[in-house]
Structures are given as C-alpha cells and as structure tokens.
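In terms of UniProt numbering, the sequence shown opens at residue 1 and continues consecutively.
Keep in mind that the hints are not guaranteed to be accurate.
Stated by the list, open to error - Ranges of calculated distance between the beta carbons of each label pair, as one might list FRET restraints:
#1 ARG424 / THR134: 30 to 40 Å
#2 ASP146 / ALA50: 46 to 56 Å
#3 ALA158 / ALA580: 28 to 38 Å
#4 LEU429 / PRO569: 25 to 35 Å
#5 ARG595 / SER199: 40 to 50 Å
Stated by the list, open to error - Quick list of in silico lysine to aspartate or glutamate cross-link-like pairs, EDC-like style, CA-CA up to 16 Å:
#6 LYS611 / GLU600
#7 LYS611 / ASP590
#8 LYS611 / GLU448
#9 LYS611 / ASP573
#10 LYS611 / GLU435
To be clear, the hints were calculated from the coordinates, so they are not data collected in a lab. Note that beta-carbon positions come from the ideal geometry of N, C-alpha and C, so glycine has one too.
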Amino acid sequence: MPASPVTPPSLIAARCIVETMVAEGLDEAVLCPGSRSAPLAYALAEAQEAGRLALRVVLDERSAGFIALGMARAHALEGRPRPAAVVTTSGTAVANLHPAIAEADAAGIPLIALTADRPHELVGTGANQTTEQTAIFGRAPRLVVDLPADLAADGLGAGPASIAGQVRRAMAAAMGSLGGDPGPAQVNARFRPPLAPPSSADAAACPGPAAAGSRQDAAGGQAPGGSSGHSGGAPVPAAAVAGRPLAAALPVRVPASVPAPAAAPMPRVPGGDPGGEGAGEGRGIVVAGDTPHPQVGQLARALAEQLDWPLLAEPTSQARAGERALTRYAELLGTPAGQDLVERATDVLVTGHPSLTRPITALLGRADKRIRVLSERPTWTDTAGAACAVVPIDARQGAGQAPGIIEALGLEGAPASWARSWHRAASDLPGAGVEQGSADAAVDAVWEAALEGDHLLVLGSSMTIRRLDRLARPAGRPPMALANRGLAGIDGTIATALGAGLASGRPVRAVVGDLTFLHDAMSLLRGAAEAQADLQVVVIDDAGGAIFSGLEYAAVPGAGRFERLFSTPQSADIPALAAALGARALVPSDLQELRSLLRESVTGTSVIVWKADDAVDTA
Numbered sequence: 001m002p003a004s005p006v007t008p009p010s011l012i013a014a015r016c017i018v019e020t021m022v023a024e025g026l027d028e029a030v031l032c033p034g035s036r037s038a039p040l041a042y043a044l045a046e047a048q049e050a051g052r053l054a055l056r057v058v059l060d061e062r063s064a065g066f067i068a069l070g071m072a073r074a075h076a077l078e079g080r081p082r083p084a085a086v087v088t089t090s091g092t093a094v095a096n097l098h099p100a101i102a103e104a105d106a107a108g109i110p111l112i113a114l115t116a117d118r119p120h121e122l123v124g125t126g127a128n129q130t131t132e133q134t135a136i137f138g139r140a141p142r143l144v145v146d147l148p149a150d151l152a153a154d155g156l157g158a159g160p161a162s163i164a165g166q167v168r169r170a171m172a173a174a175m176g177s178l179g180g181d182p183g184p185a186q187v188n189a190r191f192r193p194p195l196a197p198p199s200s201a202d203a204a205a206c207p208g209p210a211a212a213g214s215r216q217d218a219a220g221g222q223a224p225g226g227s228s229g230h231s232g233g234a235p236v237p238a239a240a241v242a243g244r245p246l247a248a249a250l251p252v253r254v255p256a257s258v259p260a261p262a263a264a265p266m267p268r269v270p271g272g273d274p275g276g277e278g279a280g281e282g283r284g285i286v287v288a289g290d291t292p293h294p295q296v297g298q299l300a301r302a303l304a305e306q307l308d309w310p311l312l313a314e315p316t317s318q319a320r321a322g323e324r325a326l327t328r329y330a331e332l333l334g335t336p337a338g339q340d341l342v343e344r345a346t347d348v349l350v351t352g353h354p355s356l357t358r359p360i361t362a363l364l365g366r367a368d369k370r371i372r373v374l375s376e377r378p379t380w381t382d383t384a385g386a387a388c389a390v391v392p393i394d395a396r397q398g399a400g401q402a403p404g405i406i407e408a409l410g411l412e413g414a415p416a417s418w419a420r421s422w423h424r425a426a427s428d429l430p431g432a433g434v435e436q437g438s439a440d441a442a443v444d445a446v447w448e449a450a451l452e453g454d455h456l457l458v459l460g461s462s463m464t465i466r467r468l469d470r471l472a473r474p475a476g477r478p479p480m481a482l483a484n485r486g487l488a489g490i491d492g493t494i495a496t497a498l499g500a501g502l503a504s505g506r507p508v509r510a511v512v513g514d515l516t517f518l519h520d521a522m523s524l525l526r527g528a529a530e531a532q533a534d535l536q537v538v539v540i541d542d543a544g545g546a547i548f549s550g551l552e553y554a555a556v557p558g559a560g561r562f563e564r565l566f567s568t569p570q571s572a573d574i575p576a577l578a579a580a581l582g583a584r585a586l587v588p589s590d591l592q593e594l595r596s597l598l599r600e601s602v603t604g605t606s607v608i609v610w611k612a613d614d615a616v617d618t619a
C-alpha cells in the first residue's frame with residue numbers, strides 16, 4: 001500500500017504564518033505571483049476559500065504594496081486600524097515594496113510585508129533571485145522577523161509554535177501595540193523545496209490558531225478564554241493607551257501623563273503657564289495637518305470650537321468642517337491683514353502632519369508663539385524645533401480629550417471677535433479666480449461632490465491636494481479623504497485608492513494630476529479572476545507638473561529648460577490608455593458636464609479626464 005503523501009515543511013510553515021496573522025486580526029492580503037512564495041500562495045488561497053481572508057492577486061509588486069497600504073489606510077479612516085499584508089517572492093520583488101513601506105513608516109500605517117526567501121546558506125553564493133532581504137527596507141520596519149527554512153519540520157511542534165510566536169510579534173509591532181508607533185513590519189519566510197503540496201496532501205497546519213471559523217471570527221479580536229485571539233504562547237497586549245512615560249526621551253517638554261480612557265484630570269504641562277505675556281487673552285490658532293485617524297481631526301475641531309480659535313485644516317486632516325474652519329488660510333497668512341492676526345496670536349495647537357504650504361511652515365517656526373504639538377505617536381511634526389511642548393494624545397478618544405487638554409495647557413477661550421476677525425479677513429481676499437475650464441474648477445467640483453456623497457476621496461499628493469487646500473469649502477462634516485502625505489510621493493496613488501475601496505467596501509473617487517496618473521496607471525490593470533473595484537479616477541490634465549510653476553525654478557531663464565527638466569509634459573493619450581487598461585474613459589466638454597458625471601454613483605472602474613485650460617498654475 002503506497003504511503004500517504006506528506007505535507008512539506010514549507011507549506012506547514014506557510015499555513016502557520018497565515019493562520020496566525022488571521023487570528024491576530026488580518027483581514028486582507030495582496031499576493032504577487034512567484035515561485036518561492038508558492039507555499040504562502042497556497043496557504044492564502046486556503047484561508048480565502050474558508051472565508052477567513054480577502055485575497056487580491058496583483059501582477060506588479062510596487063502596485064501591490066500601495067494597494068495593501070490603501071487597505072490599511074481605509075481601516076484607520078474608519079476608526080478600526082489594523083494591518084493589511086502584501087506577499088511577494090524573493091529578489092527584486094521585495095525591493096519593489098520599498099516606496100509603500102517608506103510611506104507606511106512615515107505615516108504610521110500598519111502594514112505587513114510577508115516576503116518569501118531562499119534558505120540562509122544560499123545568501124551570498126550567487127544563487128538565483130537571492131539577496132539580503134532582511135535589511136532591504138533599512139530602518140523603516142518596526143520589526144523584521146527572519147524565519148529560517150524547515151523550522152516547521154520539528155516533529156515535536158516546537159518549530160511551528162516558534163513561527164506563531166514570531167508572527168505575533170510582527171503583528172503587534174505593526175499595530176504599535178507596545179510602543180504606540182504603528183507602521184510596517186516584515187516577516188521574511190525562508191522556504192526550501194518542495195514548495196508545492198502533493199496531489200492529496202493532508203491539511204497539516206500550525207498548532208495554535210484554529211483552522212476553522214469564519215473571516216469574521218478570526219478578525220474579531222478575542223478568542224474564548226484568551227485576550228488576543230490566539231492560543232498558546234504569551235498574549236499580545238492590546239494597543240497601548242496614551243500615558244506612556246516619554247518625558248525622559250523627548251527633546252522638548254511634555255507632561256508625564258495624559259488622561260487614559262475616562263475624564264481623568266490632565267496634569268499641567270510645562271510651557272503651558274497662562275500667567276505669561278498675553279495671559280487671559282486666549283488668542284490662539286489650531287493647525288490641523290494630515291492624519292489617518294478621524295478622531296484626531298475631531299479633536300482639532302473640538303479644540304477650535306471650544307476655544308473660539310480659527311481652525312487652519314488641511315483637506316486630509318479630518319477636521320475641515322464647522323464654523324471655525326477657514327478656506328484660503330495660506331493666502332491669508334501672506335497678506336498684511338493675516339500677518340497682523342498672527343502677531344496678535346499667542347498660542348498655536350498642532351495636530352497631524354501639516355506640510356502643504358510654506359506659510360504654515362513659517363507659522364510653526366515662530367519662536368515668539370507658544371506652539372504645542374498634540375501627537376498620537378512617539379514621532380511628531382516640528383521641522384523648526386520651535387515646539388515648547390509635545391502632548392501625547394490617544395487617537396481613539398477624539399474630541400473627548402479637548403477639555404482635559406485645555407485645562408492642562410492653561411488655555412483661555414478667545415473673545416468671539418477673534419475667530420470672526422479671521423473669517424472676515426479671509427472673506428476680504430480678492431476673488432479666488434476660478435475659471436470655468438481651469439484645474440481649480442475641476443478639483444473644487446470633486447470636493448463639492450464628496451461633501452454630498454458617501455464615497456472615499458483619495459487625493460494626489462502634489463498640486464491636487466494643494467488646490468483643494470486653497471479652495472475646499474468647510475461643511476458640516478468633512479469628507480472621508482486621504483492622501484499619501486507621509487512622504488508626499490505621487491507614486492502609488494491609484495493603487496492606494498484601489499486598496500482603500502477593496503478594504504472598506506465603499507466606492508472610491510481619486511483626483512490626481514496627469515503625471516500622478518501616468519506614474520501609476522498600471523495599477524488599473526486587473527487579473528481576469530479578480531473582482532472589479534468601484535473606483536473612479538479624475539485626472540486633471542494640466543500638461544505636466546504644475547506644482548513647479550509656483551516655485552523658483554519657473555523664473556530661471558533658459559529656453560525650454562523649465563518644461564523639460566521640471567514640468568515634464570507628456571505625450572500620452574490618457575483616455576486611450578485608460579481604455580486599454582479596462583476602464584471606461586470619459587472626457588467632459590465643460591464644467592457642467594463634469595459636475596453631472598460627479599453626481600453619478602461610482603460603479604465599476606472609470607477614468608474622467610479633465611483637459612484644464614490653465615497649464616500654468618498661478619496660485
């Protein structure tokens with residue numbers, strides 16, 4: 001009688017990795033085809049077929065990394081942060097993940113890079129598709145786990161238990177469960193052939209996480225009798241709340257603690273003495289920068305409203321709403337009226353990662369203002385080193401922290417005339433000059449449609465988001481808007497939008513410039529077996545990189561140099577390219593037709609191309 005086929009150690013290890021990740025809350029994975037990653041591909045397919053995981057197969061690793069990043073961003077935007085995974089074979093496939101890993105690091109987005117690798121003994125020998133993968137992302141990962149080949153071959157089960165323990169560490173590191181700093185983590189899994197299951201292999205799996213159960217069961221967080229959804233090994237703590245002792249390590253003064261869950265009183269903060277110059281005046285400014293957490297935006301808005309301070313909120317701050325939010329604030333800061341208002345202000349509160357405009361950067365560098373940064377991470381934005389205090393906040397608590405922060409910082413509410421004077425000065429600015437056929441008109445129409453719709457809005461990180469920062473009207477609630485502003489690259493924007501839609505189940509509208517679209521157009525490519533996403537990309541075709549026209553390079557003499565070296569207009573037929581990639585291509589003839597298209601629901605994949613009349617930005 002022939003012997004029963006034996007499951008190879010590579011597949012046992014792969015199942016153990018995938019099952020542990022699912023038990024720790026992984027809902028989505030993006031897989032790129034490859035040979036060394038075959039055991040992971042089989043394990044992921046099994047998890048998907050059991051209803052425990054959503055799997056997307058993507059040809060290009062760079063796109064796949066940003067799709068997974070978009071998935072994780074969508075979870076954060078919905079107030080339920082957790083990682084997505086991107087899975088590759090060895091070699092240059094891993095290197096192609098670096099842009100997405102770098103963005104996840106800078107933006108604090110949990111992301112798992114699950115990279116297949118050759119056994120240790122092949123590294124440095126010239127073996128095919130083999131390099132040193134555990135150092136390929138530099139300092140970006142919160143943790144790198146390197147799993148040796150054949151670890152799962154231990155007949156006593158110690159090997160699989162070790163695999164599960166290491167994977168749990170990587171998941172916890174990505175979530176920032178202990179350090180409070182979410183970001184990317186890498187699980188580098190080395191496999192030795194055989195890499196495919198025999199024709200009738202048994203279902204040997206990792207001891208520990210249950211192989212049965214639905215995707216919802218696996219993502220639910222707690223398993224019966226346990227605290228972390230897995231059995232065996234030490235439990236992984238839940239995400240740490242604010243209140244960690246940071247003071248000893250910080251270069252600026254911070255409080256020893258902040259309120260934990262309830263309304264505990266917050267200690268007085270050094271640098272928050274209300275008895276200095278300007279005491280009792282309560283004239284301050286709230287600056288809200290990009291954040292993936294809606295609760296942080298809610299906190300910024302609550303602080304502005306409770307203090308009667310103006311709110312200078314970027315489009316992806318999750319705070320551009322309410323009566324205190326201003327439009328055209330960057331322009332205002334450059335006028336005599338705006339400069340006078342800044343001179344009268346004594347305090348500045350900062351949330352998120354403000355980085356869009358030079359006037360805001362200049363404001364945050366003022367040594368004569370009491371600048372306090374409210375940060376949900378151990379890293380924070382203070383490029384000039386001017387902050388007198390950094391206050392840890394809990395990204396999950398939102399506006400409920402506002403009273404405690406106001407008390408701890410000794411802040412005074414402003415007279416009603418303070419915020420009104422800012423709005424009056426902004427309304428006195430010359431007309432915005434939005435022409436019917438301009439790029440500004442198109443992005444403004446996209447924003448207005450987002451205020452009325454329930455779709456996600458993804459913004460290109462270059463000129464597009466800056467146009468909206470100037471023009472976007474605050475309403476009763478901000479749209480669910482995101483952008484890759486951690487490192488502010490234009491690469492991967494379409495892939496990020498696709499991932500956000502797949503993870504959230506919501507339709508997504510992205511608005512990008514022509515160069516941003518061309519940089520990532522191949523992310524529209526879809527495998528024949530993959531579901532079509534509800535994604536619409538609005539392309540502002542303004543003949544190249546408009547952002548450079550507002551910088552000093554545009555004034556440097558030299559025939560054709562600016563266009564060739566900086567604005568780089570391209571010769572692509574964008575509608576034809578979109579159609580070739582399977583998207584419906586739409587080219588509205590005027591603003592009225594564009595607005596009509598934007599009022600329609602986003603279904604399927606489409607690309608709207610807006611041919612802007614203004615090829616040179618004058619903002």
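Query raised in the report: Which of the listed hints are not met by the structure?
Result: Hint check: 1, 2, 3, 5, 6, 8 fail, others pass.
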